[in-house]
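Dock the two chains into a complex; use the hints.
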Amino acid sequence: MLSVGQLKTHHSFSVEFVISRCFAGFSRETSLRLCRRARRGRNKKQGARRSNNSASQPSVMLSRLIVVSVNSLKGCGPIGAGLVHASRSLHTSPQSLAPLPPLPEKGGKVRHGIFPEELFQLLYPKTGVTGPYMLGTGLILYMLSKEIYVINHETFAAASIGTAIIYGVKKFGPTVANLADKINEEKVAKAQEVKDVAISSLTQAIDDEKKEQWRVEGRSMLFDAKRNNVAMLLETNYRERLHMVTNEVKRRLDYQIALQNLHHRLEQEHMINWVEKNVISSITPQQEKESIAKCITDLKVLAKATQARAAA
Amino acid sequence: MTLSLFDQFMSPTLLGVPLIGLALALPWVLFFQPGARWMNNRLVTLQAVFMNWFVKQIFQPMSLGGHKWAALLMSLMLFLITLNMLGLLPYTFTPTTQLSLNMAFAVPLWLATVIIGMRNQPTHALGHLLPEGTPTALIPVLIVIETISLFIRPLALGVRLTANLTAGHLLIQLIATAAFVLFPMMPSVAILTSILLFLLTLLEIAVAMIQAYVFVLLLSLYLQENV
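In the order they appear, the protein sequences are chains A and B. Take 1 as the starting number for the first sequence in the numbering used here and just add one per residue. Take 1 as the starting number for the second sequence in the numbering used here and just add one per residue.
To be clear, the hints were calculated from the coordinates, so they are not data collected in a lab.
Partial pick of chain B residues on the chain A-facing surface, computed with a CB cut under 8 Å:
hint : residue
1    : 37
2    : 39
3    : 41
4    : 42
5    : 45
6    : 90
7    : 172
8    : 173
9    : 197
10   : 198
11   : 202
12   : 205
Keep in mind that this is a model prediction, so the values were computed, not measured. Just so you know, even glycine gets a beta-carbon here, dropped at the ideal spot from N, CA and C.
Next comes chain B alone, as it looks inside the complex (with noise of 0.2 Å):
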């Protein structure tokens, strides 16, 4: 088959039947479940390693109101991990790629934090727009331009997960024909240029990773300025 740089971020179809669903699906059946045994296998137990360590690192420094995110910020952790990770595979679809499935993931976490805190403690979560020992006279600049950033965080982090994803899937797909093109005429520079792909997957394995976590990281840290 014949791939433009496009292909790799087009929804999938199947003669005209979308897939998207069973894209976003397909990463639940990965996953170990435990069985109705005491001691299971081990990627059970790596899996479950795993998970108890993450929630610990994201809920530690959290106050006992933001537990209740437990469950959901692990699991869109393992779905962001899963979908990134299986993403580096060839001729695979990332939905991360897309600015609709990370917009939608990030804008209703963050107005639910949002909401959260002005519900709860509005003074509080109105308080953190300005930040301490700030000079009395910059207090009205800091005010609007603490609300911007507030209103900015959906998209960042939106855009953030999207823009390493796309960019680092694109670059390999570059390099890769750059590789592909160059390797008849100048196998030298092609042996080169597939160094460089080799660096650059190792990098965007840890990229997803990292993309992953920090987007759940952050959306720990305003549910802790809220909660």
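Looking at chain A on its own, in the form it has when it is part of the complex (with noise of 0.2 Å):
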């Protein structure tokens, strides 16, 4: 019944799966064994129909086909109501009872502690609020007075015990009720957080994805201006190379016409010089005697004239 397997799955020190397990499986099955037994008598009525269902399946493995009307399940002892549908057959098929329905949030309603609610509704209409306290009062009343519970020691003992249960539950139910909500809160959390994780993180992947089909449109664009780019480059680098022969070009043509104004220049001038130095040794002394007198008359007839008209 014990299976070692499942205790080496869990990595935590879980153990209860295991012994719940155990106490699970052995609780079904000798809980049925022990109603079938126990209502034997009631089913002989309904052999007929049990004869029939198993007549209708003959493929299915009699041996473990436990059949038993709800009826007989439901007042077996404290596991009873339960057990409903028991009439399957034990893991001969893949069918599952899933989704399961919801457990209800709470517990049913008691009223101080072990008194269910539905006693208190039960006698309700016919006596009204006090109804259940006076049937209570009245049985305690006529088992003290007819000696069916006698007062003894135990009774005290009873006291006493009764008086630390209530106190200690009064004092620390809240308490435990709410460590064993927070367990369980965090449970659920812990499961909710994977889950939302995983969710966020495959909305991301998402919009990455659709981040990069755009940007996959606009890959033709981009080659676009690379190439643009490209082109301009070898562009500017062509005209730097045509400036720059331009200029060695002009700078070679600018030197030879340097050269030869300069050349130009020099015979001028030595030209010039020449002339003049013949021309001054040419002048005799008689011209330069002829010459000079010339000027003197010259001089006089343009002052004569300045005279003669400065008078007038």
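Next comes the structure, spelled out in structure tokens:
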């Protein structure tokens, strides 16, 4: 019944599953067998139905089939009400009961810790609000007076243990309940977090993928821009080199021009110097006196003309 | 019903039918069963928390070979603690007050640990008979003493549990009887006795839990030595 394999699959020390599986399996089968034995009398009436059931499924292994009527199960001990679905074959089909119906949020309502609220509701129409209390008091007084229950030393012991239990429950009840709730909440929160993280990471992945797809559309523009870039670089380079060539050629031609100019100027100056030298050396003294006398007569004439103009 | 002081320690019978089996099987019904659900109710959660904590407590110092005993010791603990606590209720029979039950738990489990030790690592198991650092002259005496102490272990385990619970229950009965008898005569003294009874009840609740824990703890220690 105990499977060590189950012990190894849990990475933490949660042995309760092993033990509870052990208890669970044992209880269901044992209680079912007990029920079958206990209600065999009642089931004889439904024997025909049972045989019909088994006959209609001849391929099912009869030793594994537990068909018990629902009514007989309901009264079967403290575990009966939960076993209504025992009328299916055990582990012979992959059928399951999922999704399970949701658990009720809170347990059944009780008054004073042990008496279910249903009792009070049952008695309310006939006896009103104080009905169950009167019933309780009456029962207690009846048992005391008829000495069905005798007050003895156990009563005192019962009183003291009762006080201890009630005090404990009242004082530590809410704390313990909150602790249990907190543990359950943490369990749910952990699973929820895993789910949320998975969802958000997947959403993020979707967005990233969409962005990548959008990027792919613009890829041709990117290539055009790159191509333009490269062309511009080539053009610029070409023009630079062209410029350089032009400048170099111009520099060489300028040099030649300057050289020619220099030659021209030198020749000119040389010629002028030579002509002047020759002219100056060719002026005789006779010519020089004549030219000076001519200059003096010219000056006298000019002076007379000016005087005459000034007097007029 | 009139009760003598022996009634609570007698194995219960009804019309000659012994009910001891029922008394031993009753706690099983009271354990919370986790259903086929991922998240259970508060009781199952609390039980799971307790079982987890207990197993960790007991088996953390144990080497891996001893972990096979986890389910056994856990179920033993639950059984003993439930029997003890249920026995504190009035008019109940506590099976753990019977020496037969406690010896039936102690002897086989202790013997199992000894045999495991002797089979798997005999030198190491026998080495426990001599504590470290004993003076050489004392060695023979000490070995004899340690052997005696080894063989007295199951006796001690069984008798400890029996004696504690029987004594506690008897005390409760006696003091309750005293309070009951004094009540009509000297109520003030009866009230003092009742207060004493209440304190004793609190002590007994503690003792019930501690004795179960000690039983299982000692068994795990014996296992630790030998596994």
